[in-house]
Amino acid sequence: MTRDHRPSYLEIRDLRVVFDKFVAVDGVDLRVEQGDLRFLIGPNGAGKTTTIDAVTALAPAQGSINHNGHELVGRKTHKIVRYGVGRTFQTASVFEDLTVLQNLDIAAGLRRRPREMLRHRTGVSARITEVMKTTGLSDFQETKAGVLSHGQKQWLEIGMLMVQDANVLLLDEPVAGMSQDERDATGELLRKLAADHVVVVVEHDMEFLRKYAQSVTVMAAGKIIAEGTVAEVQANPTVQEIYLGTAGTKSLEEAKAEAEMLGLDPEAVTVGVPSATEREEH
Amino acid sequence: MTTTATPPATTTPSTTGARKLPSVAEGPGVWTTGPRGALIGLGIGAVLLLVVAPLTLGGFGLDLLGRYLCMAMVAVGIGLVWGRGGMLAMGQGVYFGLGAYIMAMHMTLADTTLEGESIPTFMRQNGVERLPELWGIVQHPVIAVAAIILVPTAVAGLLGWAIFSRRVKGAYFAILSQALAAAFAVLIIGQPVLTNGSNGLSNFQSLFGWDLDDSGNRLVLFLVVAVILLAMLAVTWQLYRSRFGELLVAVRDQEERVRFLGYDPALIKTVAYMIAALFAAIGGALFVPVVGIISPADIGVVPSIAFLIGVAIGGRATWLGPVLGSIAVSFAGTQLASAFPSAWVYLQGLLFVLVIGFLPGGLASVIGLLRRRRPEGRGGGRGDGSAGAPDEPGDDPQDTTREATEPEAAR
Amino acid sequence: MEILISQLFAGLSLGSVLLLAAVGLSLTFGQMGVINMAHGEFIMAGAYTAFTVQQILGSAGVSLLVSLPLAFLVGGLLGLILEATLLRRMYHRPLDTLLVTFGVSLILQQLARDIFGAPSVDVRLPELLSGPVMIFGTPVPASRVFILALTVVVVAGLSLLMSRTSLGRRIRAVVQSRELAEASGISSRRTDALTFFVGSGLAGVAGVAITLIGSTSPTLGTTYIVDAFLVVVAGGIGQIRGAVIAAAGLGLLQVFFEFGTTASIAKVIVLVIVVAFLQIRPQGIVATRTRGLA
Numbered sequence: 001m002t003r004d005h006r007p008s009y010l011e012i013r014d015l016r017v018v019f020d021k022f023v024a025v026d027g028v029d030l031r032v033e034q035g036d037l038r039f040l041i042g043p044n045g046a047g048k049t050t051t052i053d054a055v056t057a058l059a060p061a062q063g064s065i066n067h068n069g070h071e072l073v074g075r076k077t078h079k080i081v082r083y084g085v086g087r088t089f090q091t092a093s094v095f096e097d098l099t100v101l102q103n104l105d106i107a108a109g110l111r112r113r114p115r116e117m118l119r120h121r122t123g124v125s126a127r128i129t130e131v132m133k134t135t136g137l138s139d140f141q142e143t144k145a146g147v148l149s150h151g152q153k154q155w156l157e158i159g160m161l162m163v164q165d166a167n168v169l170l171l172d173e174p175v176a177g178m179s180q181d182e183r184d185a186t187g188e189l190l191r192k193l194a195a196d197h198v199v200v201v202v203e204h205d206m207e208f209l210r211k212y213a214q215s216v217t218v219m220a221a222g223k224i225i226a227e228g229t230v231a232e233v234q235a236n237p238t239v240q241e242i243y244l245g246t247a248g249t250k251s252l253e254e255a256k257a258e259a260e261m262l263g264l265d266p267e268a269v270t271v272g273v274p275s276a277t278e279r280e281e282h
Numbered sequence: 001m002t003t004t005a006t007p008p009a010t011t012t013p014s015t016t017g018a019r020k021l022p023s024v025a026e027g028p029g030v031w032t033t034g035p036r037g038a039l040i041g042l043g044i045g046a047v048l049l050l051v052v053a054p055l056t057l058g059g060f061g062l063d064l065l066g067r068y069l070c071m072a073m074v075a076v077g078i079g080l081v082w083g084r085g086g087m088l089a090m091g092q093g094v095y096f097g098l099g100a101y102i103m104a105m106h107m108t109l110a111d112t113t114l115e116g117e118s119i120p121t122f123m124r125q126n127g128v129e130r131l132p133e134l135w136g137i138v139q140h141p142v143i144a145v146a147a148i149i150l151v152p153t154a155v156a157g158l159l160g161w162a163i164f165s166r167r168v169k170g171a172y173f174a175i176l177s178q179a180l181a182a183a184f185a186v187l188i189i190g191q192p193v194l195t196n197g198s199n200g201l202s203n204f205q206s207l208f209g210w211d212l213d214d215s216g217n218r219l220v221l222f223l224v225v226a227v228i229l230l231a232m233l234a235v236t237w238q239l240y241r242s243r244f245g246e247l248l249v250a251v252r253d254q255e256e257r258v259r260f261l262g263y264d265p266a267l268i269k270t271v272a273y274m275i276a277a278l279f280a281a282i283g284g285a286l287f288v289p290v291v292g293i294i295s296p297a298d299i300g301v302v303p304s305i306a307f308l309i310g311v312a313i314g315g316r317a318t319w320l321g322p323v324l325g326s327i328a329v330s331f332a333g334t335q336l337a338s339a340f341p342s343a344w345v346y347l348q349g350l351l352f353v354l355v356i357g358f359l360p361g362g363l364a365s366v367i368g369l370l371r372r373r374r375p376e377g378r379g380g381g382r383g384d385g386s387a388g389a390p391d392e393p394g395d396d397p398q399d400t401t402r403e404a405t406e407p408e409a410a411r
Numbered sequence: 001m002e003i004l005i006s007q008l009f010a011g012l013s014l015g016s017v018l019l020l021a022a023v024g025l026s027l028t029f030g031q032m033g034v035i036n037m038a039h040g041e042f043i044m045a046g047a048y049t050a051f052t053v054q055q056i057l058g059s060a061g062v063s064l065l066v067s068l069p070l071a072f073l074v075g076g077l078l079g080l081i082l083e084a085t086l087l088r089r090m091y092h093r094p095l096d097t098l099l100v101t102f103g104v105s106l107i108l109q110q111l112a113r114d115i116f117g118a119p120s121v122d123v124r125l126p127e128l129l130s131g132p133v134m135i136f137g138t139p140v141p142a143s144r145v146f147i148l149a150l151t152v153v154v155v156a157g158l159s160l161l162m163s164r165t166s167l168g169r170r171i172r173a174v175v176q177s178r179e180l181a182e183a184s185g186i187s188s189r190r191t192d193a194l195t196f197f198v199g200s201g202l203a204g205v206a207g208v209a210i211t212l213i214g215s216t217s218p219t220l221g222t223t224y225i226v227d228a229f230l231v232v233v234a235g236g237i238g239q240i241r242g243a244v245i246a247a248a249g250l251g252l253l254q255v256f257f258e259f260g261t262t263a264s265i266a267k268v269i270v271l272v273i274v275v276a277f278l279q280i281r282p283q284g285i286v287a288t289r290t291r292g293l294a
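Protein chains in written order, with UniProt numbering: chain F, 1 to 282; chain L, 1 to 411; chain A, 1 to 294.
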């Protein structure tokens, strides 16, 4: 891998994702480099999660997705992961019947040889110990992941991403359902990770975004409509129109709240006709 | 990386296990057995099978037990693919049958040669004059043994890869494996010239030159069967506690998620399926000299599915449950089937309904439940894995199997 | 030419029997994800219904007309009981339903053995169906033409049920999204029960049809269940259109390969073809698309 010499990057060129006849992602160009902490936002159905899905071969991609010189389009999911692309899901998906340690060990085991696979795990690697400490899960090493609280599961998933030897981290709504303290802790962690990883965060929480985003990409109806710093994006008239005018499938209250978070006038929000959107969920 | 502000770990694990009594009805879960439990389990098994059984059982009883042990080998493999891997293999009779028929062909040929003939009697009766090539291959004992090991494993590998790599799973896989068993039985019945059709192959005199009528030889045969079964148990124990075993459970519960950690689930599943096929084939190959006959009635759809019930009763995800359940069901079968054939079928049907429907964790989960209700049984949120509740003394090796935590179905 | 037509007909005829056996299965599988292994025994129950009716009524023609609706009821009721007592509580464990219903099928088989005896029994054909009829100058058995026609009627009726009636709309709604259907006031529980009734009833009808071309024994169901499952799997789960294509395809393939080899080898070849086909289309002929990490 090139990350020892040059900064890692993820470069998406003219990405299109089509389900039957519905165009979920329509010609997206996106370049994120190591050191950046990129937030991907947009109304429901904008194609944010679908873009991440396309990078990890969960959705059918057309176009080009390049990671440090490796073309990812057309490869299978597990091969893409082996190139160093890791992701989390909106609903934390951990192995509930396995312990926290076992979850992390599996996540860290991608490059193990067959012989190691057939042996029992002896001891806990330094990296896993460190990650358990970072994610506050040290006390739950032998607890089955299924009995963790919602926030803990999300932290476990982030921990799995950290031990996974990935240099591109794609996080889908990592702080949903977390308490304020947990959000801040997550934000700090992401900031640290961004120094030596390519980090892309899909997030609806605008307060979280304003606090931690270094750069923001705004999507709507499958296209990128703005990119820049938080301030630049806030000042962008198209973004204002998207968030104030057609509020997608959101309720009026949600849209107003979101507009307020962006620093716009909530009273200017009107709920337009919901555009043809796909529900972003897993 | 330095430690960041960690989230306040105020939230205690959200389990309400104590209150949630009927969690046995939720799923197979994961059972772990530590090294001490494994040694005790294998030790008790060895004493029972290698010492007690030969001393107390007569030749007939020993043959019967040997037969149960051969069937139990299939059950060990099913526990691996179904209990741990979540693949409902309904056609293990195919691999059992492959092993059995290769062995039976070899033994028939060996007997034929001893009698100074060139082709087996049933073929002569069918008007065959030259030995078919398929038979000629397994004439040499080394090749026969190699074929018993390699052919079923290769078939399982090819089929498994074809199915799993295309993400055919769940019910689709179950149905395909079942169709495979149906087709295999039909194939064998449909080729009477090669296989003696539905009569099967029987009346064996010798195995690798050993006289099968000699009671000393039969005892050795039984001991070999018992040792092989114990060896399989040791292998599965190691597999279950290995990283591969953990990964297999991960694939069972969330196959897609495993893919996103960079593994190919198809490979993991195929390997488990091949191991199960190998165990079944060895069971089949040993079944032939022990029982003295193999016929399509032993390997079709119904016998293939019948292998599953013992596994389910014993606890599909446990280490020893499948073996114990399988032996118990075989025993009950021979006891009941001759005296009350109709009642036995009803009972079998009822067992499927009651165990799978209401006790999917098997009897093992009842033991787990009883243990959990005792105050010292609940080790709190953080156990230390290998040293849990002490094993209950007792002659039932199942006691050495214990649950790490309750199978929590959090969905 | 004559051989071709008679082969073609034999294939379609086999396909129609398979389809009749599979169409109810496809309905219950698609609706609830329940794999009902006892479906074969519902077919067997239908066949014994035809036998019993004939024993009582005597006349082959009249009893055939009586048996068809009666067998539908018998199969349907068996299905209702199974759904209400066992399957209802197991919808989240589809693989386990497979084994539970296998247990039920063992019990039903033994019940048939205890009531009717293990040896097979025969149902007499009505005069009208016992001879051959000419199709394009080729004689074919009239009973098989009748089954072909019956299959067309059943499938057409089922399609109408699905597209035109409120039950059909409810079924489709529940298949697409259980939660959404519930939210819009559809009782998924009642829909499930009704679907199971119809699907299992169709098994009873299939049983009557099968008595016209062969004898009836307690193991009748096991001979059809595996092939019926293959039809459902190859056709795409819950898809009537897919099941029709798959049944015709499997029937024709089976007969085609039988012509060159033997029935048993043909069966193996057909299975290999199904596995190979699933390589290309893992979701069957007609696929329902789902999104997300499921």
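Calculated from the structure, these hints are not laboratory results.
Hints are not guaranteed to be accurate.
To be verified - Ranges between beta-carbon positions, derived for each pair:
no.	chain 1	residue 1	chain 2	residue 2	range
1	A	Thr219	L	Gln191	18 to 24 angstroms
2	L	Val142	F	Ser64	51 to 57 angstroms
3	A	Gly58	L	Ser202	33 to 39 angstroms
4	F	Ser64	L	Pro132	56 to 62 angstroms
5	L	Leu55	A	Thr223	43 to 49 angstroms
6	L	Val142	F	Pro114	26 to 32 angstroms
To be verified - Computed far set for chain L versus chain A, every beta-carbon distance over 10 angstroms:
no.	residue
7	Val128
8	Gln178
9	Ile189
10	Ser242
11	Ile305
12	Gly357
Quick caveat: nothing in here was measured; it's all calculated off a predicted structure.
Virtual Cβ for every residue (Gly too), placed ideally from N, Cα, C.
We went through each hint and held it up to the structure:
| no. | hint | verdict |
| --- | --- | --- |
| 1 | A:Thr219 x L:Gln191: 18 to 24 angstroms | holds (22 angstroms) |
| 2 | L:Val142 x F:Ser64: 51 to 57 angstroms | holds (55 angstroms) |
| 3 | A:Gly58 x L:Ser202: 33 to 39 angstroms | violated (47 angstroms) |
| 4 | F:Ser64 x L:Pro132: 56 to 62 angstroms | holds (57 angstroms) |
| 5 | L:Leu55 x A:Thr223: 43 to 49 angstroms | holds (47 angstroms) |
| 6 | L:Val142 x F:Pro114: 26 to 32 angstroms | holds (27 angstroms) |
| 7 | Val128 | holds (17 angstroms) |
| 8 | Gln178 | violated (6 angstroms) |
| 9 | Ile189 | violated (7 angstroms) |
| 10 | Ser242 | holds (25 angstroms) |
| 11 | Ile305 | violated (6 angstroms) |
| 12 | Gly357 | violated (5 angstroms) |
Checked against the numbered hints above, the structure breaks hints 3, 8, 9, 11, 12 and satisfies the rest.
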